[in-house]
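Let's have the full structure, built from the sequences with the hints guiding it.
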Amino acid sequence: MSRYLTNIYDTVNTLWTGMQITFRHMMNIRRDNVTLQYPEERWPRPERNIGFNHEDYNVIRSRLHVDIDDCIGCYRCERACPVDCIKIDTIKSERGEDIPKVNHTGVTSNGTKKGFVVSRFTIDMSECCFCNLCTYPCPEECIFMVGGPNSSKHPIDYEFSEVDRKDLIYQFAKKLTPKQKSGLSPIEKKAEA
Amino acid sequence: MYRDFGTIFVFIFIGIVLIYLPLLIQKLLAPNNPNPDKQATYECGEESEGSAWVQFNIRFYVVALIFLIFDVEVVFLFPWAIVFNELGLLAFVEMGIFLLILLVGLAYVWKRSDLDWVKYNVRYGRGRYSSLIPNTNNSKDK
Amino acid sequence: MTLEQIKNRLSDQFKSSIIKNENLAEHQVEIKGEDWFDVATFMKNDPKLSFDQLECITGIDTGEDGPLQTHYNLHSMEYRHKIEAVISHDRKDPKVASIEQLWRIGDWFERETYDMFGIEYTGHRDLRRILCPDDWEGWPLRKDYEAQESFHGIVVPKIKEEEGWE
Amino acid sequence: MGVVQGDQMVLNIGPQHPSTHGVLRLEVTTDGEIVSKITPHLGYLHRCFEKHAENVTYEQVIPFTDRCDYLASMNSNFGYVVAMEELMDIEISERVQYIRVIMAELNRVASHLLALGVYGLDIGAFTPFLYMLRDRERILDMFEYTCGARLLYNYMWIGGVSHDLPKDFVKICVNFLDYFEPQIEEYNNLLTFNKIFIERTADVGVIPAEVAISYGVSGPNLRGSGVKWDVRKDEPYSIYDRFDFDIPTGTGEFGTLGDCFDRYWVRMLEVTQSVRIIRQALKDLPEGDVFETMPKKIRPPAGSVYRRTESPRGDLGYYIVSDGTPSPTRVKMRSPAFTALSCLDEVSSGWMISDVLAILGSLDIVLGEIDR
Amino acid sequence: MENLSNYLVISSILFSLGLFGVVTRRNGVAVLMGVELILNAANLNFLAFARFGGMNMSGHVYALFVIVLAAAEAAVALAIIINIFNNFNTINIDDVSEMKQ
Amino acid sequence: MGLLENKFQDNVVVASLDKILGWARSTSPWYFQFGLACCAIEMMASAASRHDLERIGMMPRSSPRQADVMIVAGTVTLKMALRVKKLYEQMADPKYVISMGSCATSGGPYWQHGYHVLKGVDLVVPVDVYVPGCPPRPEALIEGLLKLQETIQTERPLTRKLA
Amino acid sequence: MTVDYLIELFSKLFDSPFVSFILAVSIAGIPLFVLMALNATVAVYVERKVSAFMMDRIGPMGQGPGLHAGPWGVLQTIADAVKLLIKEDTIPSSADKLLFKVAPFIIFIGAFLGIAVLPFSSVIQVVDINIGVFYIIAVGSVGVHGIVMAGWASNNKWSLYGAMRSAAQIISYEIPAGLSIIVPIMMTSTMNLQSMIEFQSGSIWGILPNWIIFNNPFSFLAFFIFFISAVAETNRTPFDIPEAESELVAGWMTEYSGFRWAVFFLSEYANMFVVSGLAAAGFLGGWLSPIPGLFNSPIWGLFWFFSKIIFLIFVMMWFRWTFPRLRVDQLMHVCWKVFIPIAMLNIFGVGIWKLIIG
Amino acid sequence: MADITFWFISALTIISAFFVVSSKSLLYSAYSLLVTFLGITALYVFLWADFLAVVQVVVYVGGILVLIIFGIMLTNKISSVNISHTSVQKGVGAVVVLGFLGALGYVMISTPWIQLPNSEPLETTRSIGRLLMIDYLLPFEAASFLLLGALIGATTLSRKDD
Ligand code: SF4
Ligand code: SF4
Ligand code: SF4
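Note that the protein sequences, when read in sequence, are chains A, B, C, D, E, F, G and H. Going by this note's numbering, the letters in the first sequence line up with residues 1 to 193, in that order. Going by this note's numbering, the letters in the second sequence line up with residues 1001 to 1142, in that order. Going by this note's numbering, the letters in the third sequence line up with residues 2001 to 2166, in that order. Going by this note's numbering, the letters in the fourth sequence line up with residues 3001 to 3372, in that order. Going by this note's numbering, the letters in the fifth sequence line up with residues 4001 to 4101, in that order. Going by this note's numbering, the letters in the sixth sequence line up with residues 5001 to 5163, in that order. Going by this note's numbering, the letters in the seventh sequence line up with residues 6001 to 6358, in that order. Going by this note's numbering, the letters in the eighth sequence line up with residues 7001 to 7162, in that order.
These aren't lab readings, by the way, just hints derived from the structure by calculation. Worth double-checking, as some hints may not be accurate.
Residues from chain H that face chain E, not an exhaustive set, calculated with beta carbons under 10 Å [what the hints assert, rightly or not]:
{"#": "1", "residue": "I7064"}
{"#": "2", "residue": "A7150"}
{"#": "3", "residue": "L7151"}
Predicted model only: the values in this text are computed from it and were never measured. Beta carbons: idealized from backbone N, C-alpha and C, even for Gly.
Written out as structure tokens, the structure is:
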């Protein structure tokens, strides 16, 4: 009998404690509210140095970006990617020479002379697993999650949902027309020689 | 009395109409593309195995049985409660006897553990849900 | 007990069942497939060894011409020591006695290894595929596995359909 | 058995069901409310982790380990890198060790918070779940601050970690811990000591110690049954032997030893222990370079290793076989949730449907890890 | 509606229908439903006589008792049906009587 | 429809009714509580206090019959694909699908060697919005949902039905 | 009462009493329906907000493209309702079609008839029945059939489980509810809701309102038993096992979609309204103001009655978002082994109190 | 108007009662019984028995019918097509019952019923209460024993010996 009564007492008591907590939270909603009203408010993104030598490198993983002018076509990112979502094609070219008709600059902003025209640089963002592995080996630091070295140019965004899956395949290099390609082949031969 | 209950009677029809109208609107406006998969029974994405219309366990039934008895008792309480003030002690004693007898019934079914919804027969740990059936097989017998 | 003692105790009991193999690491013993069940029973029940926990069963495909292997990681909650037993199977007809009755978890581990490698555990009471669907073809983790082309009408693309990906 | 037996009804709980914690399917044979047999069907999330691991290099396995135990990716990573380091026999710098422990323990807290919250949800309490997610979110913020990802970090690398800690991390973390500790009290008042909750969990789904061991149940589930076994203490890896912490075990406080409440309660206590470890680690955190000990080329010698670590769900073992090439021959993950789930039929037949879901919730399974 | 015989007609029809059910149905529960109809018909009579007999409340009390009786009867009857079902796995009355032999 | 054919094309009443219906649909897209893998955790997180999907009118329903939006959150394996399809079919029209995360969109990290992974949920159900990410941050999911709401709003269900 | 006024009004306009009756009733019925709909929309909105606030979030805010749900999401539930109205109506092919369609009607009518007799104020009450209290209890028990029917007709296992549990639960909790609503009847000697409320006017020692709940300790207890049983009868947490999401998907409503489902929702909230109304009238002085003697005009009465109901509904929501749910056998345990014996003893207590103290 | 309603209700009651005894599906029978009970409730109202009308709803609809439906679900393999009940003696039964009905009707019509003048009572519950407490005290207490017996009997019967 006493157990019966203690049970009832316990029940009422503990339930009342719980109710007090929720009620407190309800009354203090102004203070306790943690909701981020997304389209209007955004979470402050932490900006910081990751230990490489970029100041302001943002570690947040959002969409990938390639500064194609800086890419030397070394395939390291493609090899590093665990899911094979980067696809690079290159055409050999004369080292360090600009080829204006395909918008190819010969020297990267770091001063490296390029030996290849990157004729195709495709990243399938619908397949990428945002592991960041491709960004580390890049010698030119030209592939990065946006918000990287030039975060002013590329603000971080998560908002890149699409209604068409094809739009999630990002082409960074200009597509070369067959004519342009054939135009490149003498250069290629020259470079090989 | 006629008027009150008549109103309620008419309310039944009003209720039917009020629900029927939106359903009609739904029929007109909403899409309707039935297909066999859609009309299949939902079972968490699996094919439903067998119909749900099987015999049900008796537990629900015993509760209904006991309920019925107490329901009748409650029915008796209402006229009594109305005249309670008028008749005072007499009514109290009478109903006291009535209630006591039923309390005896309740105690009886309680003791016989008919009120226990389920008789557990679990392999491990009996604790407070001890089963009435001695639990001999502790091993898995597939 | 140290690894050495465990091994000694085992070889005392089952001299003929232990296979000498230089490639094995220190914590491994290779055991003949036919004797595995007896060895396992002993390892579980021997009061000195008392391997009451089966940590893990790993199937290994050592390559096109090597054998299939099953590795059993055993652990004793009582003495807190452990050992790994290795059993090699013929690639054509991989078979070994099931230890499902000794360690209950063996049930699922063996099913998993069966599912992935097609190693048959004889005496298992319910040897079905566990991860793949029942009507799956092939043993996925074998090195020579070819993925299925289609499954119940869903065609599995082998290359990206986007134009010219490869 | 005396009463009329209704028809046996076969009920599919899952693959889509609010409380199967993912895509598990339980084929439940019931008689009325009583469950007589449960057949779990796995594999709805079989993502071929082991196949992938054989086809990518050692570093590239790490993102896939993330995705196995997605609630405790740090611990998943940790287990893998610890195993790899054992295989390659490399020494790690002190700072990395501390960072790893901090991260792993923070993730343990996060994972336990989710487990406890979802357990509350299974029992029907919605609010504590959201409170716990709220606090978990703060932990994720710290992870995000450190490595940029919220859920799947790819943070621990073989021989190091991918990013050093931010400069003000220690302050942020201590702040969080100061905020967090009083919250535990609130959870307890709101959920743990709620009589309804106790009634629903105590005495339900008892797993006796022998059964648990035989089923290979590990981690909080095993400790809930009263077995004092924690890889962090018993087979110390990384630098766990330097910290002072307890291993909480179930006591059967409100019911029988090894019931759902014990498992729940062990998790709750473990959260406090993890907080303790984090505090100690933060205090001792040395300076140093996190990339120092990272090997340039990862090409372990031929051989194999089996290493287990303590993930929030239990003994997480990695069996790695290497043949000297840059990609592993075989990576096997011994997932703790897999073993925990295997005893479901054994312990929960005889209980009612509601209990089965309570028991399932108390085992804290993650399907990604079970199916891999 | 201000006429006693109307009610009597209705109640007798109900009574006959109930009787019909009891006689022709072989399922125990169906028989019970027939019985309930009969009891209801009786109650209707009680109340009708009460009303047209000068609003004599005794009729109401009788009706109340009949309802109580009906409830008790239904409970016990259904329990018996369950019991029969337990033993013979059918509630078909004919089957049961056959099985007895 | 015979007689009425084409009478409703640019009827003001129909048009404004359409607007209201579109508004209602887009404002209360209840989502189907259906998580598959890691993405489901982020889905949970977006429903939780920090991001609170209920702000934009989304409510979880666990029965497909009452849900409007199916968020395919996670890896769809071949074993699961048939169930996903079935669940999709069992939802009452109008229904929408959001493919959340790389896995659902294309198989994601498991594209290459995942013998048991469905390479894109669009092979079995029609997808309205693809949300990339692995896992997509809650913000990304919300953004995808807002995009979906926009598309719903432009729908003209009545006009289509009557035409 | 309202109907009576209306009938008198119309009988001046029309000769036929039949016409005026039907007109009056319909005109009285439609506001009731509107009230139900309004109650459901507002209550759902409030519930979502309350639950959000309790969980440190903010609930519907109407964010989104275009005109969304208005500021603070006030139009949210309206949008939900409209959407449900234009959602496809699925009926499983293996279901029992007739019963599947009939069930929502039964459940709805059960709630609708209950709401009809609530005394909103001293003059506003659609129907004033002599035995109002008993009537509400009776009508409440009709809803069970709707639930069982819906669950059975769906031919779905979850539905069937939900329905059986629900039925067992509702019928069981009817007993403690009935036993404790006896207490106000004993005190007031009437089952008429209006006279019951009138009985409660005045004050105790000049401060407390003379409500039955304050009358004696036993009636205080009775109120709690009644209220909790009422929560159970309306299938709300912690007694929501019939539709327990984590167990039974959506319980007996699993197969229902679109407006049919909305009807269940509507009825659920209407039921909450009814039981809260009954509790308010029986124990909390109905439309009487909490300050004895002040603010007692009929309009104020409306306000008081509604605020009491809203308060009680709020408490139900509060319960729901705080507690875990009970298991089905514990639910029965609570009902049969705790509430029923206590409610019975309570009747003795009240009786003795009345006999001794008055 | 009241007359129309009366006849409508009577018709409804009788038709649904007919369904009860003739429907193929037991469950449909039970739900027809629901309509019958409600119809009878309405008839009670016509007979100025408001309390009993409500009692009818509470006990019959809310209690007995639930029990019956549970009974049906418990004892029938509802999934099997053969839910219905065979009724071989339908013809015989019909003849007997029709004869019986005729006899009843004859008696009823030929009896000169005396209708006393009456007026609508203000409150039936109070008088019922008084009668119960004073005149029918013994049956009242007996009823409690009856219920006790039914309770014990029913629960004992419904569980097989264990
Ligand atoms: S982030 Fe990872 S998956 Fe994505 S492209 Fe880079 S390496 Fe590949
Ligand atoms: S690693 Fe950098 S430079 Fe090399 S191909 Fe990739 S993006 Fe271009
Ligand atoms: S997309 Fe990434 S996070 Fe989402 S389910 Fe796939 S692996 Fe997990």
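A quick look at each hint next to the structure:
The interface hint given for I7064 (chain H) holds, since its Cβ lies 5 Å from the closest Cβ of chain E, which is under the 10 Å cut-off. For A7150 (chain H), the interface hint holds, since its Cβ comes within 10 Å of a Cβ in chain E; the closest pair sits about 4 Å apart. This hint holds: L7151 (chain H) has a C-beta 8 Å from the nearest C-beta of chain E, less than the 10 Å allowed.
Violation of the numbered hints given earlier is absent; every hint is satisfied by the structure.
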